[in-house]
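Trainee: Can you build the whole structure from these sequences, using the hints too?
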Amino acid sequence: MSFYPIVVLISAIIWLFPPIRHYRTRFFYFFLILGLSDVLSIVLLFAFMKVVLPYYLLVSFLVLIALFDLEAIKQKSFLVMVILAAVVVITFFSESPAIERLLFFVLHGFILLRVIHMLGLDLLKTQALNGFYVVLIFYELLTLTKFFNLLVKVADLSVLTNFFIVTSVQIAIGIFFIIFKEDDRRIRVKLE
Amino acid sequence: MLSLSNPIIVALLILLVLVSVIYIFYRYILIPMQKEHLQEQQSLRLQQAELMAMFAQSDPDPVFRFEIDGSIQLSNTPGSELLKGASLMNMKIWEIIPETKAVNLAECIRNGARLELHSQIGSRHYKFILCGIPKFEIGQIYGSDITELKLTEGQLKEALVKAEESEKLKSHFLAQMSHEIRTPLNAILGLTSIIHDELKEKISPDLRRMFTSIDNSGRRLYRTIDLNLNMALVMTSGYKCSFQRLDIIPIINQLTMEFRHYAREKNLGFTFEESLSGSLIFADAYSFTTIMQNLLDNAIKYTREGSVTVTASQVGAGYISVTVKDTGIGMSEEYMEKLFRPFTQEIMGYSRPFEGNGLGLALSKRLLELNKGDIRVHSIKGKGTEVTVLLPQFH
Chain A
1 MSFYPIVVLI SAIIWLFPPI RHYRTRFFYF FLILGLSDVL SIVLLFAFMK VVLPYYLLVS
61 FLVLIALFDL EAIKQKSFLV MVILAAVVVI TFFSESPAIE RLLFFVLHGF ILLRVIHMLG
121 LDLLKTQALN GFYVVLIFYE LLTLTKFFNL LVKVADLSVL TNFFIVTSVQ IAIGIFFIIF
181 KEDDRRIRVK LE
Chain B
1001 MLSLSNPIIV ALLILLVLVS VIYIFYRYIL IPMQKEHLQE QQSLRLQQAE LMAMFAQSDP
1061 DPVFRFEIDG SIQLSNTPGS ELLKGASLMN MKIWEIIPET KAVNLAECIR NGARLELHSQ
1121 IGSRHYKFIL CGIPKFEIGQ IYGSDITELK LTEGQLKEAL VKAEESEKLK SHFLAQMSHE
1181 IRTPLNAILG LTSIIHDELK EKISPDLRRM FTSIDNSGRR LYRTIDLNLN MALVMTSGYK
1241 CSFQRLDIIP IINQLTMEFR HYAREKNLGF TFEESLSGSL IFADAYSFTT IMQNLLDNAI
1301 KYTREGSVTV TASQVGAGYI SVTVKDTGIG MSEEYMEKLF RPFTQEIMGY SRPFEGNGLG
1361 LALSKRLLEL NKGDIRVHSI KGKGTEVTVL LPQFH
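First to last, the sequence lines map onto chains A and B.
Here the numbering used here is used: the first residue of the first sequence is 1, the next is one more, and so on.
Here the numbering used here is used: the first residue of the second sequence is 1001, the next is one more, and so on.
By construction, these hints were calculated from the structure, which means they are not laboratory data.
Treat the hints loosely; a few may be bogus.
[Claimed, not checked] According to the in silico footprint, chain B covers these stretches of chain A (three or more CB under 8 angstroms from chain B): (1) 126-134; (2) 143-149.
[Stated by the list, open to error] Derived PhoX-like pairs (lysine-lysine); straight-line CA-CA distance at most 25 angstroms: (3) B:Lys1338 / B:Lys1381; (4) B:Lys1157 / B:Lys1170; (5) B:Lys1162 / B:Lys1127; (6) B:Lys1338 / B:Lys1383; (7) A:Lys125 / B:Lys1035; (8) B:Lys1135 / B:Lys1092; (9) B:Lys1170 / A:Lys190; (10) A:Lys125 / B:Lys1135; (11) B:Lys1301 / B:Lys1338.
[Said to hold, decoys possible] Some but not every residue of chain A turned toward chain B, in silico, with C-beta under 7 angstroms: (12) Leu123; (13) Ile137; (14) Phe138; (15) Val166; (16) Val169; (17) Leu191.
None of the values given here were measured: they were computed from a predicted structure.
By construction, the Cβ of each residue, glycine as well, lies at the ideal position given by its N, Cα and C atoms.
Mentor: Have a look at this one:
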């Protein structure tokens, strides 16, 4: 058995634990969607033997929604429904990969901005830099750069090596989120 | 492997830049701004607190602020003066206002309750309003000196007791007077009548006229006293109606028999007609009799020639009307306006052509009001007067 599928499997298993750790916190649904999407992506990869971008678009949208409070979603339910409809239409009816990729970048761009916004609010409130958000931003940046790299094909390393490195870092991030929660004092750096 | 084409390196570099920017922005721009803002807010709050303190200070009444355990935090000058210069330090509010001891201050503060307390401090009386302020976990007490009010209240109570005593005395006096005057008068009138009957065959016509004069004057005096006492009773609310089912026909028949005699003496016609389906009313018998007596007496008194007619008829909406119509001297329109004022007659003074003291109609109106009835007068000077009394029919 090849070494790479094992790394992918370990990553999928590791990412199943953060939702348990973050149960009853505001990041529960965020980690639940991420954890389940990893398992589903492996199933899809084996089923179609290729990366299914529409699936990733839907997951990205759900991850973005999961970062907002339920009350805020209820208040702007009309806007959420419109964006969801747009995502579904583009996902299933668009035959242009360029539009799908653009949507992927837009969705992840919003996720990144939302996490930065959360970091900013926390900074104002506690006057300390929360490592939880920093790692979350790093995870989101990694997703974006990985995808960008894949698109422009600038990687000088072999695809598999690259994939192995990124997956290994994602395993480390998954372990970080299993250990630390948002309000953990050990990962806070006071600004003064 | 560590080149810029590696997504991890790129992500790390972007993260580093991003976190640095955020750090610098928050550390050197936003947080100092926030601090400055907080300082300004605090200074504003202090200013407001000072203004509030000044406001309380300028209040001429005592104001106290206390904590959840009852410790006094602040008081204005009038508040401190209640202690006669003693220090407020470590004092509890109930040491000044003992009534607050019975109040659960903590609960009042938590619920934002508002209570009114009355307290006597030294020789002065105070009304205190206690307000809980849950937001700041404090309570405030606003006092007002009500010593003058209490004194006035005491005086008023005293005056009320005196008035009630006076009312009792007056009722007693009226009852006593009524008895003391009516009894001898009845004896005078009765005995004079007996003597007159015994001697009427033996005495001269001059003496007979004297007897008639004694009888007439005695009856006039009796009626005047009766009217005055009744008026006094009605005016002072001392008269209590005894409502009952009353048949007006026998009463009017009895009265017409009595007054027909006087009408005949003056050569006046006197008739009574009725067209009633039911002659029962719900009223006080004494009131109805007195009203009718007054109306008939006036009609005969103020009519020199012609007739007096009494009619009883049905009026819509459950009322019975009794009308006394005469062909007498009538009344001017100017006098009609003050018709029901006690002690008024159109021509007053010692030279007035008709006897009486102007109480009959005034008393009748008061009695009708007590019986939920009404009176209407129509008069033409020189032609006659028509007085209609309306009373609720008994069903």
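Trainee: Does each hint hold? Answer for all of them.
Mentor: Now for the hints, and whether the structure bears them out:
1. 126-134: holds (count 3)
2. 143-149: holds (count 5)
3. B:Lys1338 / B:Lys1381: Holds - the C-alpha atoms of lysine 1381 (chain B) and lysine 1338 (chain B) are around 15 angstroms apart, at most 25 angstroms.
4. B:Lys1157 / B:Lys1170: Given that 25 angstroms is the threshold and the Cα spacing comes to 20 angstroms, the pair holds.
5. B:Lys1162 / B:Lys1127: With Cα atoms ~28 angstroms apart, lysine 1162 (chain B) and lysine 1127 (chain B) exceed 25 angstroms; violated.
6. B:Lys1338 / B:Lys1383: holds, 20 angstroms
7. A:Lys125 / B:Lys1035: holds, 12 angstroms
8. B:Lys1135 / B:Lys1092: holds, 21 angstroms
9. B:Lys1170 / A:Lys190: Since the Cα atoms of lysine 1170 (chain B) and lysine 190 (chain A) sit roughly 92 angstroms apart, the hinted pair is violated (cutoff 25 angstroms).
10. A:Lys125 / B:Lys1135: holds, 22 angstroms
11. B:Lys1301 / B:Lys1338: The given pair, whose Cα atoms are some 19 angstroms apart, holds under the 25 angstroms limit.
12. Leu123: holds, 5 angstroms
13. Ile137: holds, 6 angstroms
14. Phe138: Result: holds, 5 angstroms to nearest chain B Cβ.
15. Val166: This interface hint holds because 6 angstroms falls under the 7 angstroms limit.
16. Val169: Holds, about 6 angstroms.
17. Leu191: holds, 5 angstroms
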